[in-house]
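There are 4 protein chains.
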Amino acid sequence: MKVLKSSIRVPVRFSETDAMGVVWHGNYLKFFEDAREQFGKDFGIQYLDVHAQGYFIPIVKSEISHKASIFYGEEAVVHIILEQHDSAKIVFRYKVINDTTKQVAATGMTMQVFMFVSDRTLELIKPEFYKIWEMKQNWIDA
Amino acid sequence: MKVLKSSIRVPVRFSETDAMGVVWHGNYLKFFEDAREQFGKDFGIQYLDVHAQGYFIPIVKSEISHKASIFYGEEAVVHIILEQHDSAKIVFRYKVINDTTKQVAATGMTMQVFMFVSDRTLELIKPEFYKIWEMKQNWIDA
Amino acid sequence: MKVLKSSIRVPVRFSETDAMGVVWHGNYLKFFEDAREQFGKDFGIQYLDVHAQGYFIPIVKSEISHKASIFYGEEAVVHIILEQHDSAKIVFRYKVINDTTKQVAATGMTMQVFMFVSDRTLELIKPEFYKIWEMKQNWIDA
Amino acid sequence: MKVLKSSIRVPVRFSETDAMGVVWHGNYLKFFEDAREQFGKDFGIQYLDVHAQGYFIPIVKSEISHKASIFYGEEAVVHIILEQHDSAKIVFRYKVINDTTKQVAATGMTMQVFMFVSDRTLELIKPEFYKIWEMKQNWIDA
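Protein chains in written order, with our numbering: chain A, 106 to 247; chain B, 106 to 247; chain C, 106 to 247; chain D, 106 to 247.
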């Protein structure tokens with residue numbers, strides 16, 4: 106599969122831990138969001154660029170598999186990969202590494218679709234601006 | 106001082122605790138928000154009513170004093186009071202009771218102002234709809 | 106499949122919305138948590154009961170599929186079902202209804218495992234207390 | 106007043122915005138937390154160092170004054186100052202700059218106290234380790 110890759114270091118906030126002393130499971134979706142931000146910066150396709158084209162790109166599906174905990178004081182590194190798809194959806198895969206223990210803390214996936222800002226209806230085919238952006242990228246084998 | 110009063114019971118979410126095993130301090134601002142919601146319902150002045158009048162009412166000041174912890178599994182009750190003021194600001198005071206221990210967990214204050222949705226500038230005098238709402242209320246001594 | 110069911114009404118907090126004006130996707134995991142809490146109360150198996158038996162029950166897998174948005178001012182109702190499994194895992198399925206529009210806003214799943222509080226290692230077989238709890242329940246067909 | 110200073114750049118997460126399109130007011134306490142983290146790293150007094158000495162340092166008071174909004178896509182820089190006090194409390198002051206508009210978005214304060222991890226009672230005098238840490242610092246005029 107052809108992919109584009111990026112990664113980001115995420116320090117763990119105290120407020121993100123829970124009473125088990127580790128990062129609360131739901132906060133991994135924030136780490137995924139941080140990784141998408143970094144990806145957007147690296148490849149010139151940030152959320153606001155997409156918005157300027159008249160689209161929201163809401164998350165329609167997300168999955169997280171937790172393998173190991175991240176304790177307060179530890180750092181996470183999130184690796185993000187964009188998969189190439191023919192249909193009008195944006196699928197990212199994630200691997201969260203506990204950079205202190207070097208263990209895989211979690212893996213995950215998010216799927217986004219294109220929605221018109223104007224009337225919040227779904228765009229069923231790939232928007233032109235996105236196809237152009239895709240063509241310009243230097244996709245590599247995963 | 107003349108006030109209007111309300112209160113709400115808030116169960117403590119696991120995700121709201123931190124690695125000290127208690128509610129993370131910043132989450133009290135969510136409890137305050139819950140109390141404002143309840144107040145809005147009780148007195149017919151919800152956020153969306155205000156928005157329909159053309160105003161945002163952003164928080165411009167907030168204060169929290171923590172007196173005791175709330176552990177996971179305990180319940181909080183938030184008491185909220187609206188103070189009567191002449192100027193174009195909305196001042197609520199809060200008391201958060203740990204309903205399991207009956208201790209005061211925190212007290213606090215928020216101040217909101219009126220901002221035009223249209224251009225996000227400040228409204229310096231009390232909007233007419235708000236003055237009318239105030240007049241209809243049955244204010245009591247604090 | 107044999108299941109146990111519960112449900113809970115969840116008012117949408119303003120702080121839970123995002124710049125698209127709807128509930129931020131990650132916050133559905135908090136709604137799922139609220140539903141597990143309610144389930145625990147209804148069936149006498151709350152987090153702290155489990156903890157008292159010497160176990161954490163961390164989430165090892167979660168999935169959310171978003172079908173429709175929930176705007177601020179709308180209310181969600183979360184339906185939760187516990188599936189009966191032979192292995193040492195706890196699998197809940199969720200359906201989040203936007204109670205204002207009556208649309209299904211999201212469906213989801215979480216899987217939890219048993220972990221010893223003492224050394225944070227995994228318990229690979231169903232703990233005795235949990236088997237006893239399961240036996241006492243009145244499972245119904247899904 | 107004698108102080109120690111630090112600062113940190115904080116990208117604004119989409120999940121931290123609200124339905125007004127700006128950073129939700131309560132999230133500034135997370136920015137303050139980020140700044141305390143950075144301060145701890147810069148001056149060799151991180152949360153876990155304090156914990157290793159047998160103390161929690163819970164927030165007992167926090168204040169935020171909001172001056173301007175931060176929109177999604179903008180970056181915040183948080184300046185943090187530790188004030189020198191004789192009593193057993195830790196007082197930080199904060200200034201949050203919207204680095205895109207160069208406006209002051211907020212100012213704030215937090216007060217922390219020393220609490221024994223062992224029994225969660227308050228330490229009323231400055232712990233020895235903290236006095237030693239204070240003496241080693243090169244305090245400057247605010």
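What the hints contain is simulated information worked out from the structure, not anything from laboratory work.
Incorrect hints may appear among the rest.
Given that identical chains are not distinguished, each listed pair holds provided it fits within a single copy or across any two copies.
[Stated by the list, open to error] Capping the alpha-carbon separation at 35 Å, the derived lysine-lysine pairs in DSBU-like fashion look like this: (1) Lys241 with Lys231; (2) Lys207 with Lys231; (3) Lys194 with Lys146.
Inset, instruction - If any of the earlier hints don't hold here, list their numbers in rising order. - result: none
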